[in-house]
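Now for the letters of each chain:
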Amino acid sequence: MNCQTIQNRILALPDPRQVPGPLHEHLSGCAACLEWWKQAVRLEQLLEQLPVPAAPNDRKAAMIDELTAAGPVIKSVPTLHRPSGRSPLAAVLAIPGLAYVGGLAAAILVLVGGWQLFRTGPAPVAKITPSEDPLLKAMVRRDLALAQAKTPAQRLEVLGGMADDLSGEARNLARVATAEELRELSGLFRKVVDDGIIKQARDFPPHGLSVSERKTLFETLAAKLAEAGQEADRSARESPPHAQPALKTIADTARDGQTRLRAMAREVL
Amino acid sequence: MFRPGVTFAVFLVLSAWAGAQAPVAPGMTAAERLRLHRANRTLLVDLVDSGVKLGNASHPVARAELCQGTARVLGIALRKAAEAQDTDRVAELGEHLTLVVRDGLVPILDEGRQTIPAESPDAVRLKAVRENAVGDLNWARSAIPATGKVGESDKVRTLCGTLDGLRDQLK
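In order, the protein sequences belong to chains A and B.
Read in order, the letters of the first sequence are residues 1 to 269 in our numbering.
Read in order, the letters of the second sequence are residues 1 to 171 in our numbering.
One chain only, chain B, in its complex shape (with noise of 0.2 Å):
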């Protein structure tokens, strides 16, 4: 009787160190993925419209623009999880528009500066793109706090910082 209980027990234990060692499953249930569905519906729209046109766009300046308009919906999303104290979100979010702002608008900008004479409309427009994005990440970094839960929190700390820096990158 001892024998097979300590055999349990040693069981039960390393199977909740093995258990413990997984990683987080990416698996979720479907009334989670509903939630999340219902919360992103509006986002997601504009980012299926956003990148239809992007599949159909081939100048670099509308290319910039558009990249420029996905970078905004992402912006207004995420100063209303700020408005909301919602940290995670704040977080999900901040962390897409970095990655839309880093590898897509500012490559695209760069690029625009080195192909289209300064003087052109299209540098004109250029230009636009770069000042509206500056004031579009401020508009969307001014909403988060500096205190209380989520600015407090380290990730969004660490946020702050990059938009910061990005916002430096478009200048």
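Chain A on its own, in the form it takes in the complex (with noise of 0.2 Å):
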């Protein structure tokens, strides 16, 4: 290499101040070549103290004109075809207030996990299961009840219970039972009533209770027997035409045993 190549190197290096090795070689040998370095350097430097002059205004435009108009420059972003109109998950999720309702409900669903997860004493035990006859079951209990009874009163309360039992089975079952199913019902309903309510309260011993005691129990009673007519009334009103009689007859017999029960209560007076 001669010194006008070395020194056409130098002008080309980034920066003069760092040389390369071959270079540098040439540059510890050769006193005019190193002359020429240290004005290149020194002119680096001043270079480098000069201002810079603000860019023009429209440089970053011009700049983009010569970009674009170089080669193959993506203009605009392609879209993804979308069949018209929204999914309906996205119209349902887009409904204002939504998000909101939908984590307030899930905020409302942790809490009541947790404390399902964590409350103490022992989980809900189902009593009935789909297979057992409440029915039969209340009946079974009524029986069991009455024959555990020691005094008058308990018994009468019990066969209160029962005609309730009865009464309400009746409701349930006015729009799907046959009219002698319903007929059977109400039977067993009046058997209760005056075969046993209202015999018990008349043969009931006269020191039994005390007169106000006895009063209350059969007021009480009479209530029951009133309440049990009236929402046989009512069911009667909406249930299937071969419903009503049964329901009518379930309605006579609780009011004709109440008229009889608030009789017999005035009469202990």
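Think of the hints as simulated: they come from the structure by calculation, not from any bench.
Just so you know, even glycine gets a beta-carbon here, dropped at the ideal spot from N, CA and C.
Be careful, since some hints might not be right.
Unchecked claim - Far from chain A, some chain B residues (derived; all Cβ distances over 10 Å):
#1 A30
#2 S50
#3 G51
#4 T115
Unchecked claim - In silico DSBU-like cross-links for lysine-lysine, where the CA-CA straight-line distance does not exceed 30 Å:
#5 A:K60 with A:K150
#6 B:K149 with A:K199
#7 A:K137 with B:K155
#8 B:K80 with A:K191
#9 B:K171 with B:K80
#10 B:K171 with A:K215
#11 A:K38 with B:K53
#12 A:K248 with B:K53
#13 B:K53 with A:K199
#14 B:K155 with A:K150
#15 B:K149 with A:K215
#16 B:K171 with B:K155
#17 B:K53 with A:K191
#18 B:K155 with A:K199
#19 B:K171 with B:K127
#20 A:K150 with B:K149
#21 B:K80 with B:K127
#22 A:K150 with B:K127
#23 A:K248 with A:K215
#24 A:K137 with B:K127
#25 A:K248 with A:K150
From the two separate chains plus the hints, produce the assembled complex.
Encoded structure:
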């Protein structure tokens, strides 16, 4: 390499202060090139100290124009094809406030779940499985309570509950049971009221309870029968024609029993 | 889009979990209720009848006889259920039978034994009630198979043990 080549290469360096190995060897043995290199370094330092003028306002736009004119530059972002209209889920989710409602519901469920998970005490146990008959269960318990009852007053109370169970069953089945089945239920209700409650009340031992206690007992039973009668009446109005006679029988029996019990309550006094 | 989706999924999972935690609802459809009513119609008539009679009975022997009658109708129904291979019904009726004998009949008989003179006609009637009750229990118990769907059910096995225990109590 001659000195001119060396000096040209020094001019081409991005920073003349950083001299590569082969050039460095030449500079260490050539005073002329070394002097030339020193001037190049000085020039670089002077250039660094010069103030930088502001770029023209349109320089950016000009540069973009140069770039876009040069080759395959992406000018717009392609979009995927979507079917017209929004999906049902997107439409639902776009309902204003739904996200808040969903979040609130999730928070409530988390709280309820946490309460269920960490609360103390036994978990709720189902008392009745679907194959168990609630009326049968109730009747067995009523019979047992009657077997265990020690006083006429206790028996009267149990019989009142039995009458309630039967009138409730008739109302529950009013729309689906046959007229004969409902008639049978009304017959059972009448049996409990006439042969059970009224007979017990009539044969009530004079010294079984105090006068006021007996009056209260009879009045309570009469009120229960009055309620059963009203519910049977209401149910009869809302039930199909075939169910109405049985429900009316229950209502009439309850009213009659109520009247007789109230009369007995008055006689007590 | 991602956040509402996650919220919705969490909501569904929690709903399913919360639903699984809930106890079995005691309510049932009218059709299911009617099916059960028809299955137990005769039994209900008998139970109401014996209940009304029990309500009017004050003598211990009469009460014992009526209570044994209630146990008998339940035993008959249990036997029919066992013959029909209806495991759930055997368990249900067995529970009722156990209740009536254990908490109803046995205490009445024990009370009668203490209060009624041993050589009296009432004591003889009471002894007959006890013997009949044992016979009824044996008869109902014998219908429950030791094997098969009914016999191998845990509920029914437990029931058989309970019935055997009650029979010993009555003797």
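Hint by hint, here is what the structure shows:
no. : hint               : verdict
1   : A30                : 5 Å, violated
2   : S50                : 6 Å, violated
3   : G51                : 5 Å, violated
4   : T115               : 13 Å, holds
5   : A:K60 with A:K150  : 106 Å, violated
6   : B:K149 with A:K199 : 47 Å, violated
7   : A:K137 with B:K155 : 18 Å, holds
8   : B:K80 with A:K191  : 27 Å, holds
9   : B:K171 with B:K80  : 25 Å, holds
10  : B:K171 with A:K215 : 44 Å, violated
11  : A:K38 with B:K53   : 132 Å, violated
12  : A:K248 with B:K53  : 26 Å, holds
13  : B:K53 with A:K199  : 11 Å, holds
14  : B:K155 with A:K150 : 33 Å, violated
15  : B:K149 with A:K215 : 55 Å, violated
16  : B:K171 with B:K155 : 25 Å, holds
17  : B:K53 with A:K191  : 10 Å, holds
18  : B:K155 with A:K199 : 41 Å, violated
19  : B:K171 with B:K127 : 10 Å, holds
20  : A:K150 with B:K149 : 42 Å, violated
21  : B:K80 with B:K127  : 27 Å, holds
22  : A:K150 with B:K127 : 22 Å, holds
23  : A:K248 with A:K215 : 28 Å, holds
24  : A:K137 with B:K127 : 29 Å, holds
25  : A:K248 with A:K150 : 34 Å, violated
The structure does not agree with the numbered hints 1, 2, 3, 5, 6, 10, 11, 14, 15, 18, 20, 25 stated previously, though it agrees with the rest.
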